[in-house]
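Chemist: So the protein lines, in turn, are chains A and B. If you count by my numbering, then the first sequence holds residues 1 to 258, one letter each, in order. If you count by my numbering, then the second sequence holds residues 1 to 284, one letter each, in order.
No lab work stands behind these hints: they were computed from the structure. For every residue, glycine included, the Cβ atom is placed at its ideal position computed from N, Cα and C. One thing to keep in mind: the hints can contain errors.
Claimed, not checked - Label pairs and their in silico Cβ distance ranges:
hint : chain 1 : residue 1 : chain 2 : residue 2 : range
1    : B       : Gly39     : A       : Leu9      : 49 to 59 Å
2    : B       : Gly274    : A       : Ala207    : 42 to 52 Å
3    : B       : Leu17     : A       : Ala207    : 20 to 30 Å
4    : A       : Arg44     : B       : Met269    : 48 to 58 Å
Unchecked claim - Straight-line Cα separation of at most 27 Å, DSS-like style, residue types lysine-lysine; simulated pairs:
hint : chain 1 : residue 1 : chain 2 : residue 2
5    : B       : Lys232    : A       : Lys150
6    : A       : Lys90     : B       : Lys277
7    : A       : Lys150    : A       : Lys90
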Amino acid sequence: MVRLGRAALLLAVLGFLYVPIGVLVALSFNESGLATVWTGFSVRWYGALLANADILAAALNTLVVGLISTLVATVLGTALALGIEARARKGRAVEALIFAPMIIPDIVLAIALLSFFSILKVPMGLHTIILAHVVFNLAFVSAVVRARLKTFDWSVTEASGDLGADGFTTFRRVTLPLILPAVIAGALLAFTLSVDEFIIAFFTAGAGRSSTTLPMQIFAMIRFGVTPEINALAALVMAVSVTAVTLAQRLNRGVIAP
Amino acid sequence: MLSQSLRARLLMAPALLWLTAFMVVPCLLILALGFFRRGIYGGVDYTFTFENFRLLADPLYLGIFLHSARVAGTATLIAVVVGYAAAYAIAGAPRRWQGMLLFLAVLPFWSNYLIRTYAWIVLLNREGLITQGLRMLGYEGEPPSMLYTEGAVIVGLVYNYLPFVILACYAPLSRLNPELAEASRDLGAGAFTTFRRVVLPQTLAGVAAGAVFVFVLSIGNFITPALLGGGKFQMVGNLVYAQFLTANDWPFGAALSMVLIAIMMVLLMAQAWGTAKGMGERNG
Numbered sequence: 001m002v003r004l005g006r007a008a009l010l011l012a013v014l015g016f017l018y019v020p021i022g023v024l025v026a027l028s029f030n031e032s033g034l035a036t037v038w039t040g041f042s043v044r045w046y047g048a049l050l051a052n053a054d055i056l057a058a059a060l061n062t063l064v065v066g067l068i069s070t071l072v073a074t075v076l077g078t079a080l081a082l083g084i085e086a087r088a089r090k091g092r093a094v095e096a097l098i099f100a101p102m103i104i105p106d107i108v109l110a111i112a113l114l115s116f117f118s119i120l121k122v123p124m125g126l127h128t129i130i131l132a133h134v135v136f137n138l139a140f141v142s143a144v145v146r147a148r149l150k151t152f153d154w155s156v157t158e159a160s161g162d163l164g165a166d167g168f169t170t171f172r173r174v175t176l177p178l179i180l181p182a183v184i185a186g187a188l189l190a191f192t193l194s195v196d197e198f199i200i201a202f203f204t205a206g207a208g209r210s211s212t213t214l215p216m217q218i219f220a221m222i223r224f225g226v227t228p229e230i231n232a233l234a235a236l237v238m239a240v241s242v243t244a245v246t247l248a249q250r251l252n253r254g255v256i257a258p
Numbered sequence: 001m002l003s004q005s006l007r008a009r010l011l012m013a014p015a016l017l018w019l020t021a022f023m024v025v026p027c028l029l030i031l032a033l034g035f036f037r038r039g040i041y042g043g044v045d046y047t048f049t050f051e052n053f054r055l056l057a058d059p060l061y062l063g064i065f066l067h068s069a070r071v072a073g074t075a076t077l078i079a080v081v082v083g084y085a086a087a088y089a090i091a092g093a094p095r096r097w098q099g100m101l102l103f104l105a106v107l108p109f110w111s112n113y114l115i116r117t118y119a120w121i122v123l124l125n126r127e128g129l130i131t132q133g134l135r136m137l138g139y140e141g142e143p144p145s146m147l148y149t150e151g152a153v154i155v156g157l158v159y160n161y162l163p164f165v166i167l168a169c170y171a172p173l174s175r176l177n178p179e180l181a182e183a184s185r186d187l188g189a190g191a192f193t194t195f196r197r198v199v200l201p202q203t204l205a206g207v208a209a210g211a212v213f214v215f216v217l218s219i220g221n222f223i224t225p226a227l228l229g230g231g232k233f234q235m236v237g238n239l240v241y242a243q244f245l246t247a248n249d250w251p252f253g254a255a256l257s258m259v260l261i262a263i264m265m266v267l268l269m270a271q272a273w274g275t276a277k278g279m280g281e282r283n284g
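Given only the sequences and the hints, what does the whole structure look like? Please build it.
Modeler: Structure (structure tokens):
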């Protein structure tokens with residue numbers, strides 16, 4: 001009886017989480033494009049996306065921001081994790097500094113960066129979005145890599161040193177291969193975060209349409225109303241996130257759930 | 001050969017510098033900006049004033065703060081109750097399924113926030129699927145207005161943050177020693193008493209972490225009220241947004257976001273203090 005109750009509860013919660021997304025995906029394949037009548041399976045709305053120059057340009061911008069910010073954040077975040085875990089004493093200030101990007105409301109960081117860039121008269125565009133995205137991306141990468149380093153056997157690096165390898169060789173041949181799954185998982189999560197991030201990009205993109213990212217484009221479209229094209233775009237963006245996150249979880253079990 | 005400690009510092013330096021330059025300094029700037037005057041043409045007039053903070057106590061803005069806190073508080077309460085129950089159910093499932101179930105519960109959290117919110121527009125709008133469903137059941141009246149209500153905003157917030165609460169509550173629940181609950185039952189406590197006196201106190205840290213997170217992100221949220229509230233409901237997040245993008249009163253916007261940071265810090269400290277105290281009691 002208790003077990004049945006638990007199963008029913010879980011089913012209800014998972015239903016609550018997945019039905020809205022499922023409905024969107026289903027509607028994206030509806031020939032009529034309406035939420036009211038199902039007229040048959042069709043991929044025409046996906047075709048319409050490919051013909052929309054604004055969406056393609058926004059997708060390209062998002063890809064550029066996502067790739068560059070992920071690359072920078074992965075290098076900085078991994079180095080940070082290695083540095084922290086190699087130290088015997090953990091500084092509380094450093095911990096707070098790394099935790100902050102994960103909990104600060106996006107809107108606060110967004111307006112802080114907007115004020116910062118405009119007071120320094122830094123012209124804004126894709127580059128300022130990248131600078132901003134590295135902030136939270138590096139925090140996530142370092143958290144993932146640190147979790148891996150907690151169970152890391154440092155004696156193997158000592159052994160490598162004793163056998164004559166210098167610091168860099170030890171890193172390249174011993175440490176990196178061992179932590180690589182965590183580094184890649186962290187990078188995949190960072191990429192997902194960047195691709196989906198809206199508020200900070202919106203505030204640091206500057207004026208003009210040239211640095212519109214995909215979430216900014218989606219926001220503008222949603223404001224305009226419910227259109228079948230958004231459903232198709234939403235389904236595609238969802239698919240990218242789900243793929244990246246599932247891959248991260250497979251590479252490094254425990255990265256988003258135990 | 002670099003010393004171990006110097007090498008560690010050098011590894012940490014680039015990331016810490018980045019965080020300092022693009023997070024700490026901008027946030028300090030906001031702190032300072034709150035004490036200046038708004039310029040005539042929307043810029044910043046660098047004369048010192050407390051005016052912005054006095055304005056915060058204005059009934060209009062105080063009202064928005066209280067309203068936001070009520071909406072965020074309601075969303076937090078619902079998310080914590082449902083999330084805890086779901087985490088409890090997952091922790092009670094066979095071991096080999098727990099990882100999969102938790103993964104499924106957390107996965108939506110990692111997808112696009114805008115899209116997850118948009119999905120509710122599709123469901124709740126006047127000709128949306130819920131209205132369709134009601135029609136099929138024989139309902140013939142006016143379509144119920146569900147979108148652009150406070151309820152819609154709360155549902156949107158709960159929907160978006162529920163996965164995090166499940167994750168936060170699952171961690172302590174999965175570490176719980178089942179023998180303690182059994183012992184409590186053997187000593188004659190009922191199921192509810194056992195839950196209240198044995199299970200809940202040991203898992204409160206997870207509940208607190210989840211609650212603080214949902215509340216902080218809800219009260220500062222701007223997408224959900226903008227999309228599901230239809231701009232009818234001003235929340236602190238929207239107010240900050242408006243100061244920067246439409247009203248052009250940056251100093252006041254800065255003062256408002258300082259309040260958000262203050263709320264966040266107080267709650268985090270309370271949570272850390274509560275967790276430390278709870279641990280001390282248990283160990284003592």
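Chemist: Against each hint, give a clear statement of whether it holds in the structure.
Modeler: Now for the hints, and whether the structure bears them out:
Checking the proposed 49 to 59 Å range against Gly39 (chain B) and Leu9 (chain A) shows it holds: the Cβ atoms sit about 56 Å from each other. Gly274 (chain B) and Ala207 (chain A) have their C-beta atoms about 45 Å apart, which keeps the hinted 42 to 52 Å range intact. For Leu17 (chain B) and Ala207 (chain A), the hinted distance range of 20 to 30 Å is satisfied, since their beta carbons lie about 29 Å from each other. Taking 48 to 58 Å as the suggested C-beta distance range, the pair Arg44 (chain A) and Met269 (chain B) conforms, at roughly 54 Å.
A distance of roughly 48 Å separates the Cα atoms of Lys232 (chain B) and Lys150 (chain A); the hinted pair therefore is violated under the 27 Å criterion. For the suggested pair Lys90 (chain A) and Lys277 (chain B), the alpha carbons sit about 21 Å apart, so the restraint of at most 27 Å is met. Among the hinted pairs, Lys150 (chain A) with Lys90 (chain A) is consistent with the structure: their alpha-carbon atoms are about 13 Å apart, no more than 27 Å.
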